[in-house]
Amino acid sequence: MNLFFAWFFIVTGLIIMFFGALGMIILKDLFQRFHASTKCEVSGAFSLLIGLMLYAGELEFTMKTVVIVLFLIITSPLVAHMLAVSRTRHQPQESEEEHEC
Amino acid sequence: MAAVLGILTALLIMTLYRIIVGPTFQDRLLGLSMVSVELVLMLCVTAVMLEQSFYVDIAMIYALLSFGEITAFVKVHHWRKGSR
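Protein chains in written order, with this note's numbering: chain E, 25 to 125; chain L, 575 to 658.
Looking at chain E on its own, in the form it has when it is part of the complex (with noise of 0.2 Å):
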C-alpha cells in the first residue's frame, strides 16, 4: 500500500514536470513561460520528491528531503520574480524581441 502511494505521487510528478517542459517549449512569451516554469518547478518537484520519501522509508532521506522541498518552494517563485523585474527594467531591443516558436 505504502509502494502504491509512492509510485501514484512519483508518476504524478512526472505528468506535472513534462507538461512544464512542454509549456517551456512551445509558449510564445516569456510571462507566459514563468506560468509553466514556476508552477511545474514547485508542485512537480514536491509531488515527486513525496513519493521519493515514502518509497525509500528512511528517516535520514526524509529529513534531507524535506530541507530540499522547502528550499525549493521557497526560491523558485524568488527566481522569476527577480527574472520578471530585470525583464520590466530592461526591455529588449527590436533586433531581440523575435518570438519564434
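Quick caveat, the hints were computed from the structure, so don't treat them as lab data. Keep in mind that a hint or two might mislead.
Claimed, not checked - Covered stretches of chain E, going by a simulated chain L footprint (3 or more residues, C-beta under 8 Å):
| no. | segment |
| --- | --- |
| 1 | 49 to 61 |
| 2 | 68 to 79 |
| 3 | 91 to 98 |
Claimed, not checked - Only pairs whose alpha carbons sit at most 30 Å apart, straight line, appear in this in silico DSSO-like list of lysine-lysine:
| no. | chain 1 | residue 1 | chain 2 | residue 2 |
| --- | --- | --- | --- | --- |
| 4 | E | K52 | L | K649 |
| 5 | L | K649 | E | K63 |
| 6 | E | K52 | E | K63 |
| 7 | L | K655 | E | K52 |
Unchecked claim - With the C-beta cut set under 10 Å, the calculated list includes, among others, these residues of chain E facing chain L:
| no. | residue |
| --- | --- |
| 8 | M25 |
| 9 | L27 |
| 10 | F32 |
| 11 | F42 |
| 12 | G44 |
| 13 | E82 |
| 14 | F85 |
| 15 | M106 |
| 16 | A108 |
| 17 | V109 |
| 18 | S110 |
| 19 | R111 |
Only a predicted model underlies this, so the values are computations on that prediction, with no experimental measurement involved. Positions of the beta carbon are idealized from the N, C-alpha and C atoms, including for glycine.
Once you've looked at the hints, dock chain L against the given chain E.
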C-alpha cells in the same frame, strides 16, 4: 527507478532547447533554473536507486548553488546595463 531517471533525462533535453534558442537573456535563465530543479530530482532518484545517502547532500548543495548562480547572473546583467 531507472525508467524515472530516463524520463527526467528526456525532460532535461526538452528544457535545454529553451536555453539554446531562447530569444533573450531572461529566457535562458528561466531554462537554467528549471534544468537545475530537474538535476536535483535526478540526484534524489539516484540516491533512492543506489541506496547511497550522500547523493541527497549533493542535491541540497546543488539547489543552493543554482539559486546563487542565477542571482549573480541577474546582478551582473544589471551592472552591464548600467543601472544599480
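Quick rundown of the hints versus the structure:
Counting residues of the segment 49 to 61 of chain E whose CB lies closer than 8 Å to any CB of chain L gives 5, so the stated coverage by that chain holds, three being the minimum. Counting residues of the segment 68 to 79 of chain E whose CB falls under 8 Å from any CB of chain L gives 5; the rule of at least 3 is met. Interface restraint, the segment 91 to 98 of chain E with chain L: holds (4 residues with C-beta to C-beta distance below 8 Å; minimum three). Under the criterion of a C-alpha separation no larger than 30 Å, the hint pairing E/K52 with L/K649 is consistent with the structure, at around 26 Å.
Under the criterion of a C-alpha separation no larger than 30 Å, the hint pairing L/K649 with E/K63 is consistent with the structure, at around 24 Å. As the CA atoms of E/K52 and E/K63 are separated by approximately 17 Å, the hinted pair is consistent with the 30 Å bound. A hinted pair counts as satisfied when its Cα atoms are at most 30 Å apart, and L/K655 with E/K52 qualifies at roughly 25 Å. Interface restraint check for E/M25: the shortest CB-CB distance to chain L comes to about 18 Å, outside 10 Å, so the restraint is violated.
The restraint placing E/L27 at the interface with chain L is violated, with a minimum CB-CB distance near 12 Å, outside the 10 Å limit. The criterion of a C-beta within 10 Å of any C-beta in chain L is not met by E/F32, whose closest approach is roughly 13 Å, and the hint is violated. At a threshold of 10 Å, the smallest CB-CB gap from E/F42 to chain L is about 6 Å, leaving the interface hint in force. Interface hint status for E/G44: upheld, as the beta-carbon distance to the closest one in chain L is roughly 7 Å, under 10 Å.
At about 8 Å, the closest approach between the beta carbon of E/E82 and any beta carbon in chain L falls short of 10 Å, and the interface hint on this residue holds. Nearest Cβ of chain L to the Cβ of E/F85: about 6 Å, under the 10 Å cut. The hint holds. The interface hint given for E/M106 is met, as the beta carbon of that residue sits about 5 Å from the closest beta carbon of chain L, less than 10 Å. At its closest, the beta carbon of E/A108 sits 8 Å from a beta carbon of chain L; the interface hint therefore holds under the 10 Å criterion.
About 8 Å separates the beta-carbon of E/V109 from the nearest beta-carbon of chain L, less than 10 Å, and the hint is met. Among the interface hints, the one on E/S110 holds; its C-beta lies about 5 Å from the nearest C-beta in chain L, closer than the 10 Å criterion. For E/R111, the suggested interface contact is upheld, since its CB lies about 5 Å from the closest CB of chain L, less than 10 Å.
In summary, the structure is inconsistent with hints 8, 9, 10 from the numbered list given earlier, while agreeing with the others.
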